[in-house]
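The whole structure should be built from the sequences, with the hints applied where relevant.
Just so you know, the protein sequences line up as chains A and B, in that order. So in the numbering used here, spot 317 of the first sequence is number 317, and the numbers just go up one at a time. Count along the second sequence starting at 1, add 1000, and that's the number in the numbering used here.
If you are wondering where the hints come from, they were derived from the structure by calculation, not from laboratory data. Quick caveat, the model's predicted, so the values are computed rather than measured. It is possible that some hints are incorrect.
Okay, derived cross-link-like pairs now, EDC-like style, lysine to aspartate or glutamate, Cα gap no bigger than 16 Å in a straight line [claimed, not checked]:
1) LYS1128/B <-> GLU1118/B
2) LYS1090/B <-> ASP1124/B
3) LYS1090/B <-> GLU15/A
4) LYS1220/B <-> GLU1196/B
5) LYS1066/B <-> GLU1152/B
6) LYS10/A <-> GLU1093/B
7) LYS1087/B <-> GLU15/A
8) LYS1179/B <-> ASP1200/B
9) LYS1128/B <-> GLU15/A
10) LYS1279/B <-> ASP1236/B
11) LYS1088/B <-> GLU1131/B
12) LYS79/A <-> GLU103/A
13) LYS1135/B <-> GLU1082/B
14) LYS1179/B <-> GLU1028/B
15) LYS1220/B <-> ASP1200/B
16) LYS1087/B <-> GLU215/A
17) LYS1060/B <-> GLU1022/B
18) LYS1197/B <-> GLU1177/B
19) LYS165/A <-> GLU72/A
20) LYS1259/B <-> GLU1246/B
21) LYS1114/B <-> ASP1124/B
22) LYS1129/B <-> GLU15/A
23) LYS1088/B <-> GLU215/A
24) LYS1088/B <-> GLU103/A
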Amino acid sequence: MLRNTLLIAKREYLERVRSRVFRITTILVPIGMGGIALLGGLGGKRMEAGLQNLAVVSNSPVLAQQVKASLENREHGPKSVQVFAPATDADLSQLNQRVANREIQGYLTLNTVPGQTLPTATWTSGSSTDFIGKTQMQGAVSDGLVRQELLTRGLTEDQINALTKEIKVSTSQVKNGVVVKSDTERSFAGAYVLILVLYGSVLIYGINIARSVVEEKTSRIFEVLLSTASPDDLMMGKLLGVGATGLTQLAIWTALAVAVGGSALAQSQGIHGISSMGLTNIELLYFPVFFIGGFYLYSALAAALGSSVSAEQEVQQFSFILVSPLVVSVVMMVYVMQNPSSTASVVMSLLPPFTPIIMYMRICAQMPPMWQVWLSIALLAASVWGMVWLSARIYRVGVLMYGKRATLPEMLRWLRYS
Amino acid sequence: MEVLVELERVSKAYEQKAAVRELSLKIEAGTMFGLLGPNGAGKTSTIRMIVGITLPDAGKVSLFSKPWANTSLRRVGYLPEERGLYKKMKVLEQLVFLGELRGLGAAEAARRAKTWCERMQIGDSLDKKTEELSKGMQQKIQFISTLLHDPELIIMDEPFSGLDPVNTLLLQDTLVELKKQGNAVLFSTHRMDQVEKLCDAICLVNRGEAVLSGGMREIKSRYERNHVIIQYEGADGFLQHPAIAEYKSYAGLAEIRLKPHADAQDLLRTAVATSKITKFELVEPSLEEIFIETVGGRADA
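Here it is in structure tokens:
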């Protein structure tokens, strides 16, 4: 009965929303996420900044000057480049001392050998894993050699700078037969966010549902409930209530993200609301569909798992089973991204446990035929309903078994009964 | 009298073990019905089939003179043996929720919950969380939740277990009052004295079978008054009277069991002739004795 379902949903919702855990996670998770983003941003800046103060040591003053010019011509060039050409032993020991004191990041030693076109190059730095410095130096040295050659051919410094400037390559994509501008790094942002949010909420709220089912079993309150409400009412109500809790929390976070994303601070960092995630309108439209579908399917599965165990500790062991289809989806992601229309991708996107992530990936990569999208949504909805029905039956039987397993004929007899 | 509950040859087995075997009973409106028997006799299994938590393997369950249906449960108040409440909920919220689930409006449920809590002397706990209350108080809350929707049929599985004598009396009086208002009350217990005091009709269950059932008076009248208590002064030679099957003699007091169909009056005449008799009483057998006599050696010890 609808009234019972709603009553139960309301109770489950209020109990959770009022709980301390809800308040704490609602506040702490964005702070944590913000902290991670901030750290990531700082780290990224450091990587981009890459080179600090450095020196070039060479027996060829011309090459040393050109390498310096090449470094300074770069987009994220070093703060300063000192040239020692040629360097004395005193210079070298002083440089070593400055590297040790972290006054300079490192120095590049270039030695031309008579009779050979290429010089030997060594990057000496304070770190054993300074691969960024090494890559940058490689570029700078080959660049420097080209510049030196161009110089001997009579080009001016400005001409050389203009010629060797890095060129930005933009990307575009043929989507639905039309060429549209695309951003290779951002077009899957929607899918990544979906995976993250789905995975997180299934872990938190799926386990929460399973626990609350187990709690009802151990506290025996189900016996009171079952004498007035049907197990379908109970399961559906629980699912709706816990689901509404999760959606409330997500809504708060989304509102927070939009507010922060649209703020002056974010804009100064180059973020312009949700659009900066590179989501198209279609992707935005399907996001809630697949999120809610996936959320309810996994929640119903969690409820079924909860019904079939008798102690809360066992729930933890089941949590792996719960998220394993999500893990498989994540593993398959790169393949689907590259082959969105292959048979394997199509089949997988139609299997309900994988539909939320895989079908959404396909929509992000290349819009699949509409019938496939609708079929996957229909299958997902049907399997949510089927899972609720099944878990209500398992609940009904599971709660009455005091530690002993139901035999198959018993199960079948229960399935017939509503 | 309207028959509220009728079981006809109901059987239920768990795995290979039979919990209830061909049990039949009838509960009429305005009566207090005791379902009694030793632990594991099948009382809870029987009750669960009445409220539809388990299904009978065979036999028929009727509620309110109709075949069992979910919808009938609105008129039933059920207190399970193993109590369960939402621990984190406040008492009033909990009662309102359970009342609403049984069809009451929120405001009406709250009003009734308050009245009942006053009546059960827990009026000052309405805003407390359930887990903060003592076990006895939680049991009272559950008791109230069973009655909030004013059910015509009240079914309670071991309602008095774990309660102190004061609260037991409070609950008993409440049930008696509800019975007087025309409701039917079914409760199970393994304590015969409670049943003897409260019930109009009983069903005695042993090993899943009804060994004795019917009206309390009628059952008792089926058994002979073959117990005699004699208080006397003087000689005790009358204890050798042929009507006596066995006796226990204390100082000036003898508890006697007569032989079947023995003449108690003849014993009295003999006694009066030899001793000074201050008390001569023919005692009707207690339910406990009837139970032991009926079940005999077959009882699960």
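Going through the hints against the structure:
With a C-alpha separation of about 15 Å, the suggested pair LYS1128/B and GLU1118/B falls inside the 16 Å cut-off, and the hint holds. Proximity of LYS1090/B to ASP1124/B is assessed by CA-CA distance (about 12 Å); at most 16 Å being required, the pair is judged to hold. For the hint pairing LYS1090/B with GLU15/A, the CA-to-CA distance comes to about 10 Å; that is within 16 Å, so the pair holds. Between LYS1220/B and GLU1196/B the alpha-carbon distance is near 10 Å, which keeps this suggested pair within the 16 Å criterion.
Of the pairs offered as hints, the one joining LYS1066/B and GLU1152/B holds, with about 15 Å between alpha carbons and a cut-off of 16 Å not exceeded. Proposed proximity of LYS10/A and GLU1093/B is supported: the alpha carbons are some 12 Å apart, at most 16 Å. For the hint pairing LYS1087/B with GLU15/A, the CA-to-CA distance comes to about 11 Å; that is within 16 Å, so the pair holds. The straight-line distance between the Cα atoms of LYS1179/B and ASP1200/B is roughly 10 Å, inside the 16 Å bound, and the hint therefore holds.
In summary, the hint linking LYS1128/B to GLU15/A is supported, as the alpha carbons are separated by about 15 Å, within the 16 Å threshold. The straight-line distance between the Cα atoms of LYS1279/B and ASP1236/B is roughly 14 Å, inside the 16 Å bound, and the hint therefore holds. A hinted pair counts as satisfied when its Cα atoms are at most 16 Å apart, and LYS1088/B with GLU1131/B qualifies at roughly 6 Å. For the hint linking LYS79/A to GLU103/A, the alpha-carbon distance of about 12 Å falls within 16 Å, and the restraint holds.
A threshold of 16 Å between alpha carbons decides the hint, and for LYS1135/B with GLU1082/B the separation of about 12 Å falls inside it, so the pair holds. Of the pairs offered as hints, the one joining LYS1179/B and GLU1028/B holds, with about 11 Å between alpha carbons and a cut-off of 16 Å not exceeded. Under the criterion of a C-alpha separation no larger than 16 Å, the hint pairing LYS1220/B with ASP1200/B is consistent with the structure, at around 12 Å. A hinted pair counts as satisfied when its Cα atoms are at most 16 Å apart, and LYS1087/B with GLU215/A qualifies at roughly 10 Å.
Among the hinted pairs, LYS1060/B with GLU1022/B is consistent with the structure: their alpha-carbon atoms are about 10 Å apart, no more than 16 Å. For a cut-off of 16 Å, the pair hint linking LYS1197/B to GLU1177/B stands: about 14 Å separates their Cα positions. Between LYS165/A and GLU72/A, the direct Cα distance comes to roughly 11 Å. Compliance with the 16 Å bound is thereby established for this hinted pair. Pair hint LYS1259/B plus GLU1246/B holds up; C-alpha atoms about 8 Å apart against a cutoff of 16 Å.
Taken as a hint, the LYS1114/B and ASP1124/B pair is honoured in the structure, with Cα atoms around 10 Å apart against an allowance of 16 Å. A distance of roughly 12 Å separates the Cα atoms of LYS1129/B and GLU15/A; the hinted pair therefore holds under the 16 Å criterion. Note on LYS1088/B and GLU215/A: the hinted pairing holds, with a Cα-Cα distance of about 12 Å set against a maximum of 16 Å. The hinted pair formed by LYS1088/B and GLU103/A fails the criterion: a straight-line CA distance of about 61 Å is larger than 16 Å.
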